[in-house]
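When you get a sec, could you build the whole thing from the sequences and use the hints?
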Amino acid sequence: MIEVQNIAHTFLIGKKGAEQPIHVLKAISFTIKPKEIVAIVGKSGSGKSTLLQVMAGFMKADTGSVKINGKETTGLNEAEHAAFRLTNFGFVFQNFQLMPGLTAAENIELPLKLQGIPASERKSRVEALMQRIGLAEVAAHYPNELSGGQQQRVSIGRALITNPPIILADEPTGSLDSETEQEILQLIADLNKAFGITFVIITHDDEVASFAHRRLKMHDGQLKEEA
Amino acid sequence: MLLKDQLDFVKQHIVKNKMRVFMTILAATIGCAFLIVLASVGFGLQQTVKNEILSDEAVTRIQLYDDSLTKERAASLKDEDNVKAVVQKTHLPMALKSELDDREAHSEGKFYDMTAFQKVNGKLAQGSYPKAADEIVVGYHYAQRLMNEADQEAYNEKVEAANKKQENYMGEDEGFKGNIVGQTVTLTVENDEEQQVVKPFKVVGILQAPSYEWMIDNQVIFSDKAINFFAGLQPDPFPSEYIIHMDSMENVKPLLTKLKKEGLGVYSVIEQMDQINVFFAVFKAGLLFVGTIAVLIASIGIFNTMTMAVTERTREIGVLKAIGASPKLIQRLFLMESAFIGIVGTVIAVIISYVISVTVNFALPIVLEMATGEDIGEREMIFSAIPWQLVVIASAISIGVAMISGWRPARKATKIDVIQALRQEV
Numbered sequence: 007m008i009e010v011q012n013i014a015h016t017f018l019i020g021k022k023g024a025e026q027p028i029h030v031l032k033a034i035s036f037t038i039k040p041k042e043i044v045a046i047v048g049k050s051g052s053g054k055s056t057l058l059q060v061m062a063g064f065m066k067a068d069t070g071s072v073k074i075n076g077k078e079t080t081g082l083n084e085a086e087h088a089a090f091r092l093t094n095f096g097f098v099f100q101n102f103q104l105m106p107g108l109t110a111a112e113n114i115e116l117p118l119k120l121q122g123i124p125a126s127e128r129k130s131r132v133e134a135l136m137q138r139i140g141l142a143e144v145a146a147h148y149p150n151e152l153s154g155g156q157q158q159r160v161s162i163g164r165a166l167i168t169n170p171p172i173i174l175a176d177e178p179t180g181s182l183d184s185e186t187e188q189e190i191l192q193l194i195a196d197l198n199k200a201f202g203i204t205f206v207i208i209t210h211d212d213e214v215a216s217f218a219h220r221r222l223k224m225h226d227g228q229l230k231e232e233a
Numbered sequence: 550m551l552l553k554d555q556l557d558f559v560k561q562h563i564v565k566n567k568m569r570v571f572m573t574i575l576a577a578t579i580g581c582a583f584l585i586v587l588a589s590v591g592f593g594l595q596q597t598v599k600n601e602i603l604s605d606e607a608v609t610r611i612q613l614y615d616d617s618l619t620k621e622r623a624a625s626l627k628d629e630d631n632v633k634a635v636v637q638k639t640h641l642p643m644a645l646k647s648e649l650d651d652r653e654a655h656s657e658g659k660f661y662d663m664t665a666f667q668k669v670n671g672k673l674a675q676g677s678y679p680k681a682a683d684e685i686v687v688g689y690h691y692a693q694r695l696m697n698e699a700d701q702e703a704y705n706e707k708v709e710a711a712n713k714k715q716e717n718y719m720g721e722d723e724g725f726k727g728n729i730v731g732q733t734v735t736l737t738v739e740n741d742e743e744q745q746v747v748k749p750f751k752v753v754g755i756l757q758a759p760s761y762e763w764m765i766d767n768q769v770i771f772s773d774k775a776i777n778f779f780a781g782l783q784p785d786p787f788p789s790e791y792i793i794h795m796d797s798m799e800n801v802k803p804l805l806t807k808l809k810k811e812g813l814g815v816y817s818v819i820e821q822m823d824q825i826n827v828f829f830a831v832f833k834a835g836l837l838f839v840g841t842i843a844v845l846i847a848s849i850g851i852f853n854t855m856t857m858a859v860t861e862r863t864r865e866i867g868v869l870k871a872i873g874a875s876p877k878l879i880q881r882l883f884l885m886e887s888a889f890i891g892i893v894g895t896v897i898a899v900i901i902s903y904v905i906s907v908t909v910n911f912a913l914p915i916v917l918e919m920a921t922g923e924d925i926g927e928r929e930m931i932f933s934a935i936p937w938q939l940v941v942i943a944s945a946i947s948i949g950v951a952m953i954s955g956w957r958p959a960r961k962a963t964k965i966d967v968i969q970a971l972r973q974e975v
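Those sequence lines, one after another, are chains A and B. Per the numbering used here, the very first residue in the first sequence carries number 7; after that it's consecutive. Per the numbering used here, the very first residue in the second sequence carries number 550; after that it's consecutive.
In case anyone wonders, no lab produced these hints; they're calculated from the structure. In this text the structure is predicted, and so the values were computed from the model without any measurement. Do not take every clue at face value.
As the list claims (entries may be wrong) - Quick list of in silico lysine-lysine cross-link-like pairs, DSSO-like style, CA-CA up to 27 Å: (1) A:Lys-22 with B:Lys-964; (2) B:Lys-961 with A:Lys-119; (3) A:Lys-119 with B:Lys-565; (4) A:Lys-77 with A:Lys-199; (5) B:Lys-565 with B:Lys-961; (6) A:Lys-129 with B:Lys-877; (7) B:Lys-659 with B:Lys-809; (8) A:Lys-129 with B:Lys-553; (9) B:Lys-961 with A:Lys-66; (10) B:Lys-633 with B:Lys-807; (11) A:Lys-119 with B:Lys-553; (12) B:Lys-672 with B:Lys-659; (13) B:Lys-774 with B:Lys-633; (14) B:Lys-560 with A:Lys-119; (15) B:Lys-877 with A:Lys-66; (16) B:Lys-964 with A:Lys-66; (17) B:Lys-748 with B:Lys-659; (18) A:Lys-73 with B:Lys-964; (19) A:Lys-223 with A:Lys-39; (20) A:Lys-119 with B:Lys-964; (21) A:Lys-119 with B:Lys-567; (22) A:Lys-199 with A:Lys-39; (23) A:Lys-129 with B:Lys-565; (24) B:Lys-668 with B:Lys-807; (25) B:Lys-961 with A:Lys-22; (26) A:Lys-73 with B:Lys-877; (27) B:Lys-668 with B:Lys-680; (28) B:Lys-964 with B:Lys-567; (29) B:Lys-877 with A:Lys-119; (30) B:Lys-620 with B:Lys-638; (31) B:Lys-877 with A:Lys-77; (32) B:Lys-560 with A:Lys-129; (33) A:Lys-119 with A:Lys-77; (34) A:Lys-21 with B:Lys-961; (35) A:Lys-77 with B:Lys-964; (36) B:Lys-964 with A:Lys-21.
Structure representation (structure tokens):
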């Protein structure tokens with residue numbers, strides 16, 4: 007369960023001494039239930055990515071609170087946030103954000119390394135997951151040897167490997183063609199169904215949003231539930 | 550993250566940037582090797598001076614020259630801890646002329662209690678210690694110094710010729726060539742007041758050769774019973790001192806301190822060693838300081854390498870932070886990399902330094918000998934010595950500086966903003 011209460015954030019832009027305030031988030035509140043796929047939609051600059059960053063703990067909001075599965079995360083320091091992310095979140099990014107020097111399998115394995123899981127257990131878990139998401143054939147390939155769809159699958163694999171209850175996806179299909187986009191969305195739907203993972207998808211694409219159980223629309227720093 | 554995985558992570562990045570890391574290790578190696586080799590000169594020279602002093606038997610001796618020393622205290626000296634023997638040495642404070650047929654020599658004379666003297670002096674080169682009052686033991690070069698007029702002339706010419714060539718001639722070709730042991734020599738002692746004693750003495754033994762090749766020993770050692778032959782000669786009594794022989798060098802200082810506290814006039818070569826050690830401690834500290842500057846210059850290379858590594862990997866660091874890597878872990882990974890550079894650089898530097906040190910000690914005497922014509926090798930000079938303490942100090946400085954150089958870039962890595970990092974182009 008994700009509970010966001012009265013989140014507000016203002017950026018100051020412009021030259022020092024003559025900064026202009028941009029109220030990017032204005033007292034936003036919403037709740038996302040477990041196992042939901044929720045799409046946060048909105049135009050560029052509407053504040054949807056900022057909202058995701060606040061939820062993930064990448065940045066601190068000026069006011070408000072975020073509770074993840076009952077745990078208040080707003081007051082955590084950087085190290086506590088990192089530890090919290092490692093066990094509670096998976097991340098999928100628009101441009102995949104894979105490590106170029108690691109193979110597909112090694113990229114997926116990375117969060118398990120951070121968790122201090124022994125190599126033998128990591129190997130079996132990575133193999134099983136790669137099989138599940140259709141990447142077994144490309145396990146030893148480096149990111150630059152993979153197609154965009156395969157790279158995003160690796161990115162999803164990396165997000166899934168620690169069995170997090172929530173996956174935050176920022177424009178997960180933004181760099182993909184429509185056919186691959188459909189494949190990825192189908193994979194997300196399958197994983198949600200199979201593992202009961204909550205997906206929060208940031209997108210400006212209505213087609214992507216249509217896959218979600220619920221749509222929240224960001225407009226001018228405010229959030230509205232859409233039918 | 551398990552340590553093995555952390556090491557793998559560091560290794561992967563080192564391999565990826567091997568040329569840059571290699572150059573940085575090279576800089577660290579040169580800096581550290583310079584530090585060690587420079588300081589090794591200080592250690593080497595100190596070792597040379599120390600060896601020079603230690604090769605003299607005097608290091609286990611304490612000289613006690615004090616008129617205020619009572620007979621009772623003198624007698625009790627042998628009961629002090631770790632004392633091997635106490636020998637009273639009485640000097641013959643005037644010229645001593647030896648004559649054998651047409652040959653004569655001038656020497657120093659000393660009187661000893663022969664039992665104690667034998668105990669500390671050990672084996673003679675030839676013959677035995679005096680048993681009777683009119684028997685003497687002579688220095689190793691005594692016979693060589695017994696010259697007639699022809700010998701003296703030849704000797705003078707050879708010395709002059711040797712001096713011109715900047716060489717040393719000790720008179721090996723001249724002197725009495727027979728066996729001096731068993732010969733009876735006439736000794737003449739004369740003081741400033743023209744008092745004179747002339748008496749024949751039988752040579753019964755020859756002392757061992759002195760420690761140094763350049764030393765000439767033509768002294769005459771009398772038994773203390775022989776003092777009676779010189780009774781009436783001024784000054785009366787002859788000046789004397791006590792030589793306390795300790796069982797080891799380590800035990801010299803405690804007794805020396807104790808005797809000083811008693812207000813007695815004492816001397817030991819060990820005191821000189823203390824002064825030498827202080828001098829060399831300051832000298833070595835100076836060399837270490839200069840060497841450390843080289844290490845500091847090398848550290849600029851490490852700082853640059855690590856800063857570039859952090860800048861290049863900003864996106865990777867951002868991803869790591871996003872998926873849950875703690876700032877401490879990120880800092881540790883970069884510190885491990887700079888420590889790796891420091892440790893590898895130091896290990897190679899230590900090996901190179903040993904090679905340089907051995908080469909210098911082997912080659913420099915040959916080079917100097919060729920350049921100056923002097924036989925440096927015979928003096929057993931150590932130009933460079935690398936004791937384990939120097940390795941420890943230099944390693945600590947080198948690795949420490951490498952770690953400090955890497956610390957700031959590592960801190961910078963922890964401060965990378967995840968959002969900014971993820972926005973970087975792949």
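Comparing the hints with the structure gives:
1. A:Lys-22 with B:Lys-964: Holds, because 22 Å separates the two Cα atoms, which is no more than 27 Å.
2. B:Lys-961 with A:Lys-119: Holds, at roughly 23 Å.
3. A:Lys-119 with B:Lys-565: holds (20 Å)
4. A:Lys-77 with A:Lys-199: holds (25 Å)
5. B:Lys-565 with B:Lys-961: holds (21 Å)
6. A:Lys-129 with B:Lys-877: OK: Lys-129 of chain A and Lys-877 of chain B at ~26 Å, within 27 Å.
7. B:Lys-659 with B:Lys-809: Holds, because 26 Å separates the two Cα atoms, which is no more than 27 Å.
8. A:Lys-129 with B:Lys-553: holds (15 Å)
9. B:Lys-961 with A:Lys-66: holds (20 Å)
10. B:Lys-633 with B:Lys-807: With a Cα-Cα distance of about 17 Å, the restraint between Lys-633 of chain B and Lys-807 of chain B holds, given a limit of 27 Å.
11. A:Lys-119 with B:Lys-553: holds (10 Å)
12. B:Lys-672 with B:Lys-659: holds (18 Å)
13. B:Lys-774 with B:Lys-633: holds (23 Å)
14. B:Lys-560 with A:Lys-119: Satisfied, since the Cα-Cα distance of roughly 15 Å is no more than 27 Å.
15. B:Lys-877 with A:Lys-66: holds (20 Å)
16. B:Lys-964 with A:Lys-66: holds (15 Å)
17. B:Lys-748 with B:Lys-659: holds (16 Å)
18. A:Lys-73 with B:Lys-964: The hint holds at about 25 Å.
19. A:Lys-223 with A:Lys-39: holds (17 Å)
20. A:Lys-119 with B:Lys-964: holds (22 Å)
21. A:Lys-119 with B:Lys-567: holds (24 Å)
22. A:Lys-199 with A:Lys-39: holds (14 Å)
23. A:Lys-129 with B:Lys-565: holds (24 Å)
24. B:Lys-668 with B:Lys-807: holds (24 Å)
25. B:Lys-961 with A:Lys-22: holds (24 Å)
26. A:Lys-73 with B:Lys-877: holds (25 Å)
27. B:Lys-668 with B:Lys-680: holds (14 Å)
28. B:Lys-964 with B:Lys-567: holds (26 Å)
29. B:Lys-877 with A:Lys-119: Roughly 15 Å separates the two Cα atoms, so the pair holds.
30. B:Lys-620 with B:Lys-638: With Cα atoms ~14 Å apart, Lys-620 of chain B and Lys-638 of chain B stay inside 27 Å; holds.
31. B:Lys-877 with A:Lys-77: Judged against 27 Å, a Cα distance of about 23 Å means the pair holds.
32. B:Lys-560 with A:Lys-129: Status holds; Cα separation ~20 Å.
33. A:Lys-119 with A:Lys-77: holds (25 Å)
34. A:Lys-21 with B:Lys-961: Holds - the C-alpha atoms of Lys-961 of chain B and Lys-21 of chain A are around 25 Å apart, at most 27 Å.
35. A:Lys-77 with B:Lys-964: With a Cα-Cα distance of about 25 Å, the restraint between Lys-77 of chain A and Lys-964 of chain B holds, given a limit of 27 Å.
36. B:Lys-964 with A:Lys-21: This hinted pair holds, its Cα atoms lying about 23 Å apart.
Every hint from the earlier list agrees with this structure, and none is contradicted.
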